[in-house]
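Let's have the full structure, built from the sequences with the hints guiding it.
2 protein chains.
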Amino acid sequence: MSFEFTVQERDGASGARLGLMRTPHGEVETPVFCPVGTQATVKTLTPREVAEAGASMVLANTYHLFLRPGAETVARLGGLHRFMGWEHPILTDSGGFQVFSLENLRRVSDEGVLFRSHIDGSEHFLTPEKAIETEELLGADIIMAFDECSPPLDREQAERAMRRTHQWAERCLAAHRRKDQALFGIVQGGGYRDLREESAYTLSEMPFPGYAIGGLSVGEPKEVMWAMVEATVPCLPASRPHYLMGVGAPEDLFEGVSRGIDIFDSVLPTRLARNGAVFTRLGRINLRNAQYAEDPAPIDEHCCCYTCQHFSRAYLRHLLQAGEVLGLVLNTIHNVSYLVGLMREIRAAIAEGRFTALRDEFLAQYTPVDETSRLRSAELYRRRRQT
Amino acid sequence: MSFEFTVQERDGASGARLGLMRTPHGEVETPVFCPVGTQATVKTLTPREVAEAGASMVLANTYHLFLRPGAETVARLGGLHRFMGWEHPILTDSGGFQVFSLENLRRVSDEGVLFRSHIDGSEHFLTPEKAIETEELLGADIIMAFDECSPPLDREQAERAMRRTHQWAERCLAAHRRKDQALFGIVQGGGYRDLREESAYTLSEMPFPGYAIGGLSVGEPKEVMWAMVEATVPCLPASRPHYLMGVGAPEDLFEGVSRGIDIFDSVLPTRLARNGAVFTRLGRINLRNAQYAEDPAPIDEHCCCYTCQHFSRAYLRHLLQAGEVLGLVLNTIHNVSYLVGLMREIRAAIAEGRFTALRDEFLAQYTPVDETSRLRSAELYRRRRQT
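So the sequence lines, in the order shown, correspond to chains A and B.
If you're matching positions, the first sequence starts at 1 in our numbering and goes up one per residue.
If you're matching positions, the second sequence starts at 388 in our numbering and goes up one per residue.
Watch out, some of these pointers could steer you wrong.
Stated by the list, open to error - Label-pair restraints from in silico Cβ distances: (1) A:R48 to B:Q678: 25 to 31 Å; (2) A:A51 to B:H505: 37 to 43 Å; (3) B:R564 to A:T372: 31 to 37 Å; (4) B:H505 to A:S101: 36 to 42 Å; (5) A:D120 to B:H689: 34 to 40 Å; (6) A:A51 to B:D567: 35 to 41 Å.
Stated by the list, open to error - Chain B stretches covered by chain A per the calculated footprint, using a threshold of three residues with CB under 8 Å from any CB of chain A: (7) 431-445; (8) 455-463.
Derived from the structure by calculation, the hints contain no laboratory data.
Virtual Cβ for every residue (Gly too), placed ideally from N, Cα, C.
As structure tokens, then:
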């Protein structure tokens with residue numbers, strides 16, 4: 001069985017669309033938010049908890065699995081679905097983003113990328129062919145082409161990376177053998193409208209069943225990100241799914257869906273959960289805050305997740321203060337349920353022709369983290385990972 | 388509804404017995420193994436996972452909850468059952484063991500114990516009355532008297548601690564108000580048969596609905612522990628449940644049941660799981676071992692737990708190597724299921740008159756950790772906690 005995507009509804013007042021992806025491991029209704037299982041586990045959750053949170057597809061990272069336990073090992077153990085006990089659709093990235101972003105980069109050439117393992121310092125050479133071979137061994141339903149990411153605001157570098165990404169896209173298509181996997185192309189072009197348009201048009205000429213927008217949400221201002229999305233989406237085939245990589249804040253899901261995005265992924269809900277930050281209808285709260293020490297209410301009165309149905313903010317805060325793993329688990333269940341549930345509401349609203357009303361109502365209520373704090377914490381996190 | 392215990396069957400060939408405890412939060416079939424939820428959480432597991440592992444009663448630690456979040460806080464949040472989302476029976480210890488064992492002890496007098504918090508160094512004075520007040524605020528179904536533990540092989544100290552434990556037992560009974568909680572007495576007497584007998588007889592004169600054997604499994608040789616159990620049990624009322632505190636190795640469950648023990652608790656299954664050690668029918672294995680890197684088998688072919696039904700040893704090893712929380716969760720699910728399931732088999736065997744056959748068969752197959760390694764790792768763990 002091969003990959004299919006159909007657009008079922010288009011919103012009259014925005015670019016939002018309702019769609020259905022068919023994959024060998026089941027259907028995915030779009031727009032969809034995918035939790036990230038970097039090392040073949042959505043951090044802290046059992047696959048059952050991930051499914052109960054409502055997730056229909058998860059992402060796994062080729063870079064991490066390539067290094068540990070190794071793609072051959074995963075293949076010998078029956079492939080990624082069986083290995084991690086997740087029988088629903090999986091998407092793997094190509095490793096490109098990690099190779100460039102983890103600052104383990106040694107040398108880039110047209111042939112490929114020499115990088116150093118963050119685990120043991122060993123050197124590896126990743127090429128488009130090697131990335132596809134690795135993704136075929138892992139066996140996800142949707143796999144991504146190997147691309148070169150560049151800093152968003154260096155035009156010369158962005159243009160060079162984009163051209164190389166296009167050559168690599170051709171090589172990925174040529175190398176791809178497994179008919180049961182859908183290979184998606186990735187648009188690059190940094191923070192430049194014309195490059196984004198060129199990239200989208202160029203890749204549209206290639207027979208990809210889906211397209212991602214890469215190299216965004218990497219520290220650039222949000223208005224730059226949305227300008228690039230607006231430049232890109234109209235240049236992509238409307239009949240193919242559009243995937244905005246690495247985006248997952250609640251307000252951004254609405255903004256992305258409004259601009260015709262069908263697939264989102266982000267480590268945000270899982271990472272925030274481990275820091276004690278959880279989503280509510282009004283914005284994020286941090287459960288470590290002393291004000292919750294005796295708060296008998298659940299995180300969110302209206303949430304149906306396991307955490308909100310059984311535990312108070314006071315208990316969750318106690319678990320965090322006491323350093324208990326269960327605190328991380330319960331917060332993660334909530335945050336994943338929240339984003340996946342928000343997407344379910346968005347799909348229902350599109351189906352009923354009231355998407356922009358839901359969006360405006362949500363955005364009026366919800367206070368996002370301000371831009372300065374957002375960039376600061378992203379930077380802090382990036383530095384911490386390098387040490 | 389008050390506490391009841393009935394002995395339903397007695398094994399002809401050993402001291403094993405089958406019983407039923409009735410508590411305000413449900414029935415507990417005995418012999419029973421209780422997982423430990425030190426800080427109001429069985430480490431890494433959701434209450435649902437604890438129940439699915441088959442546990443009918445869990446233990447929580449008064450010492451830890453007294454210090455954080457505080458017993459009044461737990462009471463204001465509706466008591467321990469509601470706080471931790473566990474609607475089945477709970478047993479709390481009195482804090483005595485931790486006060487003496489965590490080496491935070493400052494001064495012991497007949498009045499009580501002055502100790503230092505391991506969290507912030509603050510000083511607290513715990514008396515029998517204060518311990519009972521705290522346990523009443525927490526609201527467990529079974530609560531323990533406040534006792535003095537002593538090193539097992541110093542006779543003078545053991546005798547002094549035993550006498551004080553008896554005085555404190557009287558004071559606990561006098562202080563206890565809540566009719567919906569069963570207050571158990573604790574036998575002391577170190578490693579001395581005559582002291583153990585004296586302690587058991589003395590406490591038997593007091594109206595406790597259940598009796599624990601304390602001050603064992605604290606580093607003494609196993610033959611000393613079993614000699615003390617053999618000295619104690621016959622001196623306790625046969626109609627009351629007998630609880631051997633802090634014991635949980637598979638071979639010890641059989642040995643304890645053979646000697647008339649009805650209740651066991653131990654951090655062993657949860658602590659071992661976090662170190663990568665898991666139980667099989669043949670003994671413990673450590674999943675960090677390289678030999679499991681590509682092992683497609685579950686931990687135990689015959690185990691019905693969620694972990695064994697869904698995951699290979701290779702995946703569990705990957706999670707441990709990659710530092711993923713899910714590895715701790717899945718190992719803990721297995722280890723708790725294993726011990727609770729073993730106890731279920733033991734109860735079925737007693738009911739069918741084949742307990743000693745099951746015991747002999749199990750002990751012939753199962754290789755326990757040797758005594759030297761056992762004492763060494765207990766000592767290492769103790770030291771690590773002090774730093």
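Q) What hint numbers does the structure not satisfy? A) Hint 3 alone not satisfied by this model.
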